[in-house]
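Chemist: Given the coordinates of chain Z, assemble chain L onto it according to the supplied hints.
Protein chains in written order, with our numbering: chain Z, 1 to 115; chain L, 116 to 226.
Honestly, the hints are just simulated from the structure, not real lab data. Yeah, the Cβ is synthetic: ideal placement off N, Cα and C, and Gly gets one too. There may be inaccurate statements among the hints.
Quick look at which bits of chain L chain Z covers, simulated, 3 or more residues with Cβ under 8 angstroms [unchecked claim]:
no.: 1; segment: 144 to 156
no.: 2; segment: 160 to 167
no.: 3; segment: 216 to 223
DSBU-like mimics (lysine-lysine), calculated; alpha carbons at most 30 angstroms apart, straight line [as the list claims (entries may be wrong)]:
no.: 4; chain 1: Z; residue 1: 55; chain 2: L; residue 2: 173
no.: 5; chain 1: Z; residue 1: 14; chain 2: L; residue 2: 157
no.: 6; chain 1: L; residue 1: 172; chain 2: Z; residue 2: 64
no.: 7; chain 1: Z; residue 1: 66; chain 2: Z; residue 2: 41
no.: 8; chain 1: L; residue 1: 173; chain 2: Z; residue 2: 41
no.: 9; chain 1: L; residue 1: 172; chain 2: Z; residue 2: 41
no.: 10; chain 1: Z; residue 1: 41; chain 2: L; residue 2: 130
no.: 11; chain 1: L; residue 1: 157; chain 2: Z; residue 2: 20
What follows is each chain in one-letter form.
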Amino acid sequence: GAVVSQHPSWVICKSGTSVKIECRSLDFQATTMFWYRQFPKQSLMLMATSNEGSKATYEQGVEKDKFLINHASLTLSTLTVTSAHPEDSSFYICSAPQPFPYGYTFGSGTRLTVV
Amino acid sequence: QQQVKQSPQSLIVQKGGISIINCAYENTAFDYFPWYQQFPGKGPALLIAIRPDVSEKKEGRFTISFNKSAKQFSLHIMDSQPGDSATYFCAASNTGNQFYFGTGTSLTVIP
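One chain only, chain Z, in its complex shape (with noise of 0.2 angstroms):
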């Protein structure tokens, strides 16, 4: 079945860092690529729909300039959390529509803990 493979898997940065999140379509080209983000024991939240080669569309009341957004290419699209803080901290995933069956398919996330 499609795979997307997400990574890292958990990464620790210092307040003020950037970091960077990607997600790979290992055996499909994915078009499209949805960030959300889940804080412990809640549902996702949308965050931003990123689409090959045009700009990321963010869901309201996520800024921009701190998650950035970028699809390159078929097969990769990034989540780069700029000037990181502890509030920042949170589990981030990544989810494309596969081919077939419909649906679609996640990543294995990003615990993200900023220090």
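Modeler: Quick look at chain L alone, frame taken from chain Z:
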């Protein structure tokens, strides 16, 4: 605005029992209703999904019941096992567009 409402928030079931999680939606344009299973520290994984042209879909111990007129759908886990302990999310989408997730149900199956 919560597009998909899910209940209960948490559920404790004895091994061998039936786990039932319910979801309701408002948007009649939704045409795809998946359930996802998520273990701690992992991304959600597709468990089972249904389209509104059928009222029930069964895959092993997992069954989705769908009531189009009531705009409700539910997940039934038969013969629940400790390994089924996870968080379950229902979702809904209009083909090709984003998914809307329920708030999740934390299932604990007691041995």
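Chemist: Work down the list of hints and note, for each, if the structure agrees.
Modeler: Against the structure, the hints:
1. Residue count for the segment 144 to 156 of chain L with a Cβ under 8 angstroms from a Cβ of chain Z: 4. That meets the three needed, and the coverage hint holds.
2. With 3 residues carrying a beta carbon less than 8 angstroms from a beta carbon of chain Z, the segment 160 to 167 of chain L meets the three-residue requirement, and the given coverage holds.
3. Closer than 8 angstroms: that is the beta-carbon criterion, and the segment 216 to 223 of chain L has 5 residues meeting it against chain Z, so the requirement of 3 holds.
4. As the CA atoms of residue 55 of chain Z and residue 173 of chain L are separated by approximately 40 angstroms, the hinted pair breaks the 30 angstroms bound.
5. Among the hinted pairs, residue 14 of chain Z with residue 157 of chain L is consistent with the structure: their alpha-carbon atoms are about 23 angstroms apart, no more than 30 angstroms.
6. At roughly 40 angstroms between alpha-carbon atoms, residue 172 of chain L and residue 64 of chain Z are farther apart than 30 angstroms, so this suggested pair is violated.
7. This hinted pair checks out: residue 66 of chain Z and residue 41 of chain Z have alpha carbons roughly 24 angstroms apart, not beyond 30 angstroms.
8. A distance of roughly 28 angstroms separates the Cα atoms of residue 173 of chain L and residue 41 of chain Z; the hinted pair therefore holds under the 30 angstroms criterion.
9. Using a Cα cut-off of 30 angstroms, the hinted pair residue 172 of chain L and residue 41 of chain Z holds, with the two alpha carbons roughly 28 angstroms apart.
10. Simply put, residue 41 of chain Z and residue 130 of chain L have alpha-carbon atoms about 23 angstroms apart, close enough for the 30 angstroms limit, and the pair holds.
11. Annotation: proposed proximity of residue 157 of chain L to residue 20 of chain Z holds, straight-line Cα distance about 18 angstroms (limit 30 angstroms).
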